[in-house]
Every structure is written in structure tokens, then in C-alpha cells.
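2 protein chains.
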Amino acid sequence: MRTEPVGDYAGLGGRAMTTTVVALEVPPSCHPLGAANKLVIAPGLLSGSLAAMSGRLSVGCKSPLTGGIKESNAGGQPAQVLARLGYAAIVLEGKPPDDTLYKIVINKDGVNFIPDNSLKMLGNYDVVARMQQEFGDKIACISIGPAGEMKLGAASIACTDMELRPTRHCGRGGVGAVMGSKGVKVIVLDDSGLDLRRAKDPEKFREANRQFVAGLKKHPITGEALPAYGTNVLANIVNEAGAYPTNNFSTGRFAGVHNISGETAAELEKARGGLATHGCHRGCTIRCSGIYHDKSHNYLTKQPEYETVWAHGANCGIDDMDAVAMLDRLDDDFGLDTIEMGATIGVAMEAGLIRFGDAEGAINLLKEVGKGSYLGRILGSGAAVAGKVFGVERVPVVKNQALPAYDPRAVQGIGVTYATSPMGADHTAGYAVATNLLKVGGDVDPLKPEGQVELSRNLQIATAALDSTGMCLFVAFALLDQPETFQALIDMINAFYGLSMTADDVMALGKKVLKLERDFNRRAGFSKEQDRLPDFFKKEILPPHNVTFTVTDEELDAVFNF
Amino acid sequence: MRTEPVGDYAGLGGRAMTTTVVALEVPPSCHPLGAANKLVIAPGLLSGSLAAMSGRLSVGCKSPLTGGIKESNAGGQPAQVLARLGYAAIVLEGKPPDDTLYKIVINKDGVNFIPDNSLKMLGNYDVVARMQQEFGDKIACISIGPAGEMKLGAASIACTDMELRPTRHCGRGGVGAVMGSKGVKVIVLDDSGLDLRRAKDPEKFREANRQFVAGLKKHPITGEALPAYGTNVLANIVNEAGAYPTNNFSTGRFAGVHNISGETAAELEKARGGLATHGCHRGCTIRCSGIYHDKSHNYLTKQPEYETVWAHGANCGIDDMDAVAMLDRLDDDFGLDTIEMGATIGVAMEAGLIRFGDAEGAINLLKEVGKGSYLGRILGSGAAVAGKVFGVERVPVVKNQALPAYDPRAVQGIGVTYATSPMGADHTAGYAVATNLLKVGGDVDPLKPEGQVELSRNLQIATAALDSTGMCLFVAFALLDQPETFQALIDMINAFYGLSMTADDVMALGKKVLKLERDFNRRAGFSKEQDRLPDFFKKEILPPHNVTFTVTDEELDAVFNF
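First to last, the protein sequences are chains A and B.
Quick note: the first sequence, position 187, residue 186 per numbering that gives the first Met the number 0, numbers continuous.
Quick note: the second sequence, position 489, residue 488 per numbering that gives the first Met the number 0, numbers continuous.
Incorrect hints may have been included.
Put simply, identical chains are the same to the list, so a pair is met inside one copy or across any two.
[As the list claims (entries may be wrong)] Okay, derived cross-link-like pairs now, SDA-like style, lysine to any residue, Cα gap no bigger than 25 Å in a straight line: (1) 37 to 393; (2) 294 to 113; (3) 511 to 545; (4) 137 to 9; (5) 216 to 440; (6) 370 to 350; (7) 94 to 354; (8) 538 to 99; (9) 447 to 194.
In short, the hints are calculated from the structure, not lab data.
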């Protein structure tokens, strides 16, 4: 263990930091679970400051799921705390000599590695409870569940929220497996005795932040829809658009959508003493999160996100909100990506293990992962592996990572992002749904190929930049529609660091990050043929619009022409 | 079902036929288990004639294991019978509408598809016994076991031998899964009423064949070593060379080699009423096969091949010949590649499922595949998938296909073939062991990188040509050392077809086949980064010679510079 000055990596945050370290220091041919891989954990540029929405934590590594570079980020408290502790990044490297499990404690006095095999195979909820007993309430935790210890491809890294619950996850790409391969169960962060990070120009910073928040408040999505119903406000919208993948991407509308919509969930939450509007970290002004209680009015899980409800709901033909919430709770506890697990259970249903719509069966399947049974290990390895083991042809993955909650045939722009993002299929990498369906940042017909490549390209660039600030992606709705809010964000960064960046500089950063990622993947063996959707999206017609994915391979190959 | 004239594919046999059809007709991006993949089954150019050693059957497809093009060939009777029936190839294409299982019967009256769900999940031995009851003794069968029906990545296609036992397998690359995806359990071939294929110039043909056989007889390997002890004569030789991968490629010498050597096996076979010298098809003059009886002097399996004995023996730390023979029998019955299964059980041992050396444990693991349990499906999916499911770093695969029985650190020439063959790790694709260890075709130091690329390149070209003739690869020992025997083979082909090919033409054919295969893989998304051994062969030192694999990436990239 050593603490080093940030050196050449100075000025980088979030995804720019994790991607740069991985691209420069990790050999692309290494085994993702081997000593040569590194797990880089970085707060954003503005994390730990007064800046609103700046609580995203980035983790990066070579992905055990995709075999390419991976950045996955989450909300919750750790980014803010880590930044206040003064660390630009934590880098886990090498490989432990035996299977001892460690907790790492970081506070104002420094860093401590403490062996603690009593944590073995504990769920995230128990781990965090144990850390709370041991270190008090003023901590934030970054931890893995049994899935990460088993080094499974769908293993996530959990971040605690304001209530010290492990509900915010760096979900995608098996980052939890890499943390498991380093023998680290939990990182406990305690910023007691430390202050907010201060801007170089505090007055300008405060003013820019005020304008930024005002922009978010006045946008209909960040000011109304998300606070009221959370991300799952999308269920009805996407279903109406015929783009809500149902029964393992067999159709674009789900008959049971009403039972699992954001509106229904918010009602249930209020009725049962939960909370429909809530922030996942201090400094959040959108407050799209919530708290979900079970039938007995006891805490079960945080408000399940749109993609989670889709993955465990419509994609599995399940319209039981309590079942979906239970699946969300189990995913969080075992340390699993909800998108990957929903897609994998969909593949298991396609293989005939259980029938579509079998909520109890789905819960039992997920519990197998927690047990570490052979079946559980298959499922926890993700949809691509499960597809191989069960001999299934219709497996919705790109670069071995499961497609999220928008059918690329009915939202062709997001199909371009799924196909070409260096991350594998990932809606957050360039959220073309915004412009295709929500008409944010313009209006591009979701059912046609025209304009999708340019849309996805611009969004991927902007997102790579935004992921570097530590900002929640949802600020993008306002940034896309309100030039003055975008300028306010740039002003905030400039005031904080004493810089004079322009919008062009921000885009240049986004391009640089993407190029580093693409280059890593190329060196890891990816060619343009990996920038493709599975064949069946080009051949099978999706009801109700009866469309296939029609963006050509040549167009996909033009996404990174910059 | 339709029968077509051979058309543009005229003049192609074996691997040249299967590769050309797959390269021209199968979309490289298709799912290997989908309708667009094709399973091409072709006899060699000289199969069905009087030519000695001409009984190899080639199958080709897009591989479910590697995701690239695949050719896998086997001995046994089907190639001879299929050629006499007058078919240049069988092509299974499309996908059945339901899960009905078919048998295909081909005889002098034509081709018949017959649904037969009573065959479901039968082992190859039972399937063949049922076909024998139904169609008599004069048949040859091409069949799959439960592994192929489950569409597992290690599933093989079985060919019956002269005793009508399903002991010769197109083992590699999951070709059995593709046959399973087409709904075909068994192809029954009956050439009753049909004659040998006649040469255009019968006299020249007979004379060339005589010289060819004389060459084989006088070479020490094909004339003495292989007939006496079978392929497993290599065990002591490779072990002595420190290149016998032991305990999942952890060391190059196995303390228990004596108990599983070819010499020991031959003694056992003789003592128990089996047979140590035996041909796998009519027209074989080398007779490297044998018949293995159990302790009660009852037939158990054919003489297990060198790679099988290594895979289930040394690689798993098992030195019990009867256990290895039982594993061979189970592989043949379930329809599994012995190399892939031995490597996969080695990975399972590395993961701690059972300990190295546990013969009974290994048999129980293999039986899980026959049962189709979750564990069995993991193992039957091959070493790469098992490595992911069990979170193992040391997984000996290239292009997801398991490395065979020669450690590439101590036989660097075969390492070049493993890394660069379009087939994935495959010793038969360019058997540099011949020149590195056996000093056939020259002498290249096995422990040094010098000369290995040129050696592997030349052998890969020659092998691609030879695989197109239907000739057993073992004729290559004599061809490499005796120019006149090589000329006799060319004379045979010329006399048979009325051609005037030269040695250069043969090499040109080999180059053409390899280029088609490389191009298919490129279009399927392979880049030069897939032409690499796993990292650990470059980092971990192999005892007793304490060597790593030292051929550079740049040298590997030069293999196909022709």
C-alpha cells in the first residue's frame, strides 16, 4: 500500500481518471482477474464540493464481462467523502497471495488494510451493518457481496446512500469481480474532521451553482417528472412508444405495465410509509430516488430504478411490483447488476428453466446466486455465459454485456449507442432515448435510421465528458435543452479550479476519453465486428411497430469518425 | 431436403470443401446455433477409393466454441461410405420449427429424413445400437450424444469405426452442438450395392498407392511406433521432453506417467484380450488404434488416444489408466471432445471443485454432463466458460478452445500453431511437435523461439492441403521425411482425377484454404490480438526447463505473411 501524489493524472476526475489510468497502466491482454488488472476508484472533478449533483463515483478496470475497458459509476455518498479526504483516486492493483479478505479503512489519519475473514460471503447489507457497528454512522462504504467474492461477471460494487444502505451500484461489466479478485470486501471512508472542498473563486462558484440548480428546477424532466416518480416514470412512456422490451425482447409492449409503472410504485411507496421523492446523495437537487416498503410497511429496498423494474419486470413478463422490489433487494444484497440479472433470467426463461411471468421462480433463481450454487454461478456470470450454457440463440448482448431497457429496433438511436459504445451495451453511454422519445435536445424519429449515428456520437462525447465531472447524468436533460445551464456547469468547473475552459474544451475531453477507451479495446482484440447488435435484432420484427434495426454496419463504423 | 450437383465446389474434398462452403455461404456474424449457420460434412478427395489412409471425414461450420470458422475431422467408416454413395458433401442448413429429433438415412435409393424422438438424450453407443437393429450391420453412423442435443460447446460428432462403435470423433469446436441445433441425431449411411470409387488411370493409381504404403511402412513412426503402441507412445517422449502439461499446465513432467503410457496401455490391452494394433477404418495401414478392455476383460472403449490420456490423465494429475479409459468411454458416449473435457476438469480442479489426482471425482464430474445437470452443462460448455463461471484465471485456451497435450513453453513451435491457427488451439493444425521433439522434417530447438514461425507456417499450409485429401494426418511423418512418398500421394490424386498437379499446387491449395479461414474469422471479428496464448504462458515459468513462451507477438503476426 502506498499513497502517491496525483502527478500526471492531475486535473482528471471520474471517468477521465479511471479510463486514463486503465488505458495507460493495464496491459489490454491481461486476464481481468489477474494481478495485472487494476481497479481504479475515482470521485468526479466537483465531488466533495458544494456543487449540486456532483456525487457520482467512477470505477474503472478491464472488464471480466466484456474483456474490454470498463467504467461504471454510481451515486451515493462515497464520491463526496473520498474527495473530501483528498484522494483523486484509489487504485487496487496486484493480487493477494492467499484468499484472506480485507477491509480498507480511509480516514483523516490515512489508509489501513485490515484482514477480516468474518466478512466472507456476507451480503452488502450485512457488511455495511458490521462496518457501522465498528466505525459508527459517519462513514460511507464501497463494498461487494458474495457475487464479487465469487468473481462473477454480473458482480457490482455497492455504494452506500445517505441512510447508509448499500443501494447505489456501479453495476455494469463485472467490476465487483475485479474488487473480489483483489481480496477487498469493503472500503470504509470517514471524512470526520475534514471540510468541504473549496473553490478557487468561491463567489463565482456559488453563483454558477445557483444558476445550474435553477436550470435543473425549471426543466420538466429534472424539475417535475423525476422528483415525482423517479426514473421509472419512463415505464409508461417507453411502453407507449412500443420500445419496452418484453419477454426477452420478443415484443415492445407489456400488458402488465400499469402494475409496475413509476406512478404505481410512487403510490405504493406513499401508501406504505416509504418515500417517493428522495436524493441518493447529499447535494442532490433532482431527488429521483425513493424508498420502497413491503406490504408490512417495513423497508425493503430503495425505489427500484426504471431499468431494474424493466429487467426483472417486463423483460421477464413479471408485473408484480413487490416481486420486482424483492429482486432489486436481492441484487443489491448479493452485489449484482440488476440489468444483467434481469436479462439473464430472461435468457433462462427462454431456455425453459421457468416460464415467463413466474415471479416466484425468478426470485428463487436469483437466490441461487446468493447461495453460490452451480445454477447461481451460471446466472451470476451474465446473459452471454448463460446463453452458452443453456444453448440459447436469442441472447441480447453486445460485447457480452446485456442490453438495457429500450428495444433498439424501436429506439434506433440507442441501438447505435449499444452497438458502438466501448462499454458494451449501455444506455448511459449516449442516451439517445432523450432525443428519440423524450424530444430533449431535438427530435429524431426513433423508428428510422436517419440521424441516429450523429445523435449517438454527440451524446457519447458529451457523456464521456460529463462522467468525468462527477455529475449525475440526469443533469444532461437540462444541459441539452438550456445552453445557459450548460454554461453554468462550465463556469462552476472554471471557478472551482481557476480555469477558463470552453464548451469546446469539454467536448475535446469527451473525445479524448472515448479515444482512449476505443484504443484500449482495439489493443484488447476488439474490431469493428464487435460494434454490432446480435443478428436477431436485424431479422426479427418487433411488434407493435413491426420494425427491425436498420442502421447499417457502415453507418455504425462512422460513429467514431472524429 | 434437396440433392444438388456439386457445381462450383467440384474438385474440393475434406477441409477444402467444408471451409469453402462455410466461408462463402455462412454469414460470419450469425449465431452459431441459428438458422444461418451450416454444418458441412465432407469426405476427402480420395475417400471411398482403394487409396490407403483415406478415411477422414471433415465437418465444418461456424464454431459455437470459438465463434470462428471450424473444421474438425475424424477417422472411422463414414467418409469411405459417404464417398461411395457419391456425395461430395452433406450440408445441414436452416433450423427445425420445433424440437423434433431426426435421423437421416442415406443409401443407394436416396436420402430420407425420419423423425424419431425415441432417440432423445441417448448416448452414442445406444444410438448406434438402435440404428444397427433397424438398418443392419452394413451401415456407418455419424451421430451426436446428449451433449450435442444440449448444444454444449464441447459437443463432438461421433463416427463409427469398423466394429460399428462410435469411437472416432470430430471433437473440436462444438461441432456436435451445431448438429444438435439442426435437430439431427444421427446420419445412417449404407453403401450396399455400390462399388469402390474408380481412378481415371487405375494402373498408375494402384502403383502410386503401393509406393505410398511402402513409404509409410518403412518410416519408424508410421511403420513401428504407432502400430505397436498407438498415439500414446508419445506420453513418455513428451514427458521426457518436459513438455507434458501436468495439473492444469503447472509443470512439464508427470510423476505418474508410467501408469498411463502407451507401453503400459498396450500391455494391459493384450493381457485383457483387447487389441493393441488395429485400424480405425478400412484401408488403414498404420493401425495406430486399439481396443481397451476393462478389468473383467470386457470391451470398455477404443484405445484412448495420446491427447485423451493426457487430458484426463496428467492434466488432471490422474495416473489410473482404467479411470482414463472410463472417461474416454463416457466422452465418446455423451459426445464430448476429450481434450476440451480434460482441460475443463483441470480448470474445475484449479477452482477447487475436486483435487488434482481424484480419478473418481473426475468420473463423477463427467457423468454430470451426461445427466445434463447445471454443473454438467457448465463443464460441457468447455474450459473458457467454466473458467468464467468459477472465476479462474489460469484457463488454457486460445480463441476459447482448450490447448492440447503439449506445453507451448517447452514446444514453442506448437505454441505458434496454438496461437495462430484459425481453429483456436489445435495441435493437428500444424504439428510442430514433429520437428521440435520427434526430429521429423528437420530439427528445431523446442525451447527457443528461433525458426518456430516458419516451421508452424509451413506445417499449417501442408496440413490444410492434406486435410483436403481425406488422408489421415499421420501420413505426414513419412511425407516430411521422404520426398518420394509425398510424390506418391500427388501421383495418386493425379491418377485418380486425371490431373497433373505438382507439389506447388498442393501448397497453393493449403494456402487458399487457410486464407479463406482467416478471412472468415476476420469478418467474424477476430483481430491479431486473438492470435495470442493466454498471458500466463508468457509469465509463469514451466519446470523442469524453467521456460516461458518467448515467441514475440510480432513474430506471431508474421505466420500468415504468404
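Any of the earlier hints contradicted here, and which numbers? 2, 3, 4 and 9
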